[in-house]
Structures are given as structure tokens and as C-alpha cells.
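Engineer: Sequence:
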Amino acid sequence: MSKILRSLFALSALATLPAMAAETVVTSNPYGISALWGQGDAVARGTLIILLIMSAATWYVGIVKLLEQRRLLKQGKELLSVHGKELQEKATSLPDEGMFSAVAQAGISASKEHEAELANRVDINTWISMAITDALDSANHHMQGGLSVVATVGSTAPFVGLFGTVWGIYHALTAIGVSGQASIDKVAGPVGEALIMTAIGLAVAVPAVLGYNWLIRRNKLVLDMVRVVAGRLHASLLNSPAR
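If you read the sequence shown in our numbering, its first letter stands for residue 1, the second for the next number, and so on.
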């Protein structure tokens, strides 16, 4: 009989363990991000807001540039499948905001302007080449747009997070000085705030650095394709100048 009672007592004790674990799970963390926002001062909240803005700017620029690059790579592949007059017409009609269409229009305009005294001073090959080179420089400048934001975030976000870390450690030292004792309950909050700021700063900076390098590589692919299309346009304009 006593063995049966002991077994029943053990089973009842085991049954209470899931309930105790559930109670432990639902207990709120007094040192988490919500506590950082609720208990932090204006400097801590301002630092957190700056990091969130930097992260949002990075993702926005990255997504916009990625969609633009995909569209331009697709247009470049379509242009490389045609030649001659068809290439000129198709490149000119593209709504690509100053890329393939700008190069085509620059070359065609230069071909039309090469007449009278200008034709005697500069040969048509050099004149068209100068116009297309200027258009390529403009295309390169256009493709760099927005990348400075990502580069700035990648290089400065760790230091913004480090500032939050220093501010949290300062609060921990202040709490120790006021209380006169270095107990864990006095420094856990400020030190936790410092570590969270460090983690957020790294979480903002790492995607920015990786995204910047990836976008730069894809920009190079786009610009190489623009140069190939420009070379073919140049050759087609020399063979049949649009006058």
C-alpha cells in the first residue's frame, strides 16, 4: 500500500512540472527590448530610433536597387538580341530613366549634328564616341545613386550601437555609485541595455555591408552590358548614320 501511495505522489509531482514550465515561459523579461524602450531615457530611445531608421533606409534602397538592376539586365539581354537599325529604335524607345535609351539618343543626336563645319574639323567616329562616352559616364553616375546611403549605414551603424553600449555602461556605473553596492539587480538592466544596443548596431551594419558589396557587383554587370550595347550602337551608327 505504501508503494502505491509513493507512486501516486511521484506521478502527481511529475504532472505539475509542465505547469511550472509554462509559468516560467510566460514570465515577461524585465531586461528585454520592451524594457529598454519603457525604462530607457531619451538618449537610449533616440539611439534606438536612429538604428531603426538606418535599417529601414538600407532595406528600402537595397530593394529598389535590386528591382532596378533586374529590369535593366532584362532590357540589356533583349537589346543584345537585335542589331543595326532595330537596335537603335528599340534602345531609344526604352523607358529606362537614362541608361540604354540615353546612350542611344546621345549617339543618334551626335550623328545628326555631325555636318557642315563640324564634319570638317572632327571625324564622325570621334564625335559619336565622345557623345556615347558622356552618356556612359551619366549612366555610371545614375547606377551609383542610393549606394552611398547603404555604405554610410554599414560604416556608422556599429559606432551608433557602440554609443548605446557606452551609455548603458554609464548607467550601470551610476547605479552602482548611487546604491553603494555592485549587486546584480542594480547593474543587470543597464548592462542588458548596453548589450542590446551592441546587438542592434551589428544587426543593422552586417546586412548593409553585405548588401552594398552585392549591389556593387550587380551594378558592374549592368554597366558592362550597357557598354556592350553602346559599342554595338556605335558600330551601327557608323554604318548607317541617322541624318
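FYI, nobody ran anything at the bench for these hints, they're computed from the structure.
Watch out, some of these pointers could steer you wrong.
[Unchecked claim] Straight line, CA to CA, 25 Å or less: simulated PhoX-like cross-link-like pairs of lysine-lysine: (1) 74 to 85; (2) 220 to 77; (3) 220 to 90; (4) 112 to 220; (5) 90 to 112.
[What the hints assert, rightly or not] Restraint-style ranges between C-beta atoms, simulated for each label pair: (6) 159 to 63: 23 to 31 Å; (7) 95 to 130: 58 to 66 Å; (8) 113 to 142: 21 to 29 Å; (9) 109 to 199: 49 to 57 Å.
The structure presented is a predicted model; accordingly, all values stated were derived computationally and were not measured.
Ideal Cβ placement from N, Cα and C applies to all residues, glycine included.
Engineer: Could you run down the list of hints and mark each one as holding or not?
Structural biologist: Quick rundown of the hints versus the structure:
no., hint, in the structure
1, 74 to 85, "holds (20 Å)"
2, 220 to 77, "holds (15 Å)"
3, 220 to 90, "holds (23 Å)"
4, 112 to 220, "violated (31 Å)"
5, 90 to 112, "holds (18 Å)"
6, 159 to 63: 23 to 31 Å, "holds (25 Å)"
7, 95 to 130: 58 to 66 Å, "violated (26 Å)"
8, 113 to 142: 21 to 29 Å, "holds (23 Å)"
9, 109 to 199: 49 to 57 Å, "holds (54 Å)"
Figure legend: structure checked against the earlier numbered hints; hints not met, in rising order: 4, 7.
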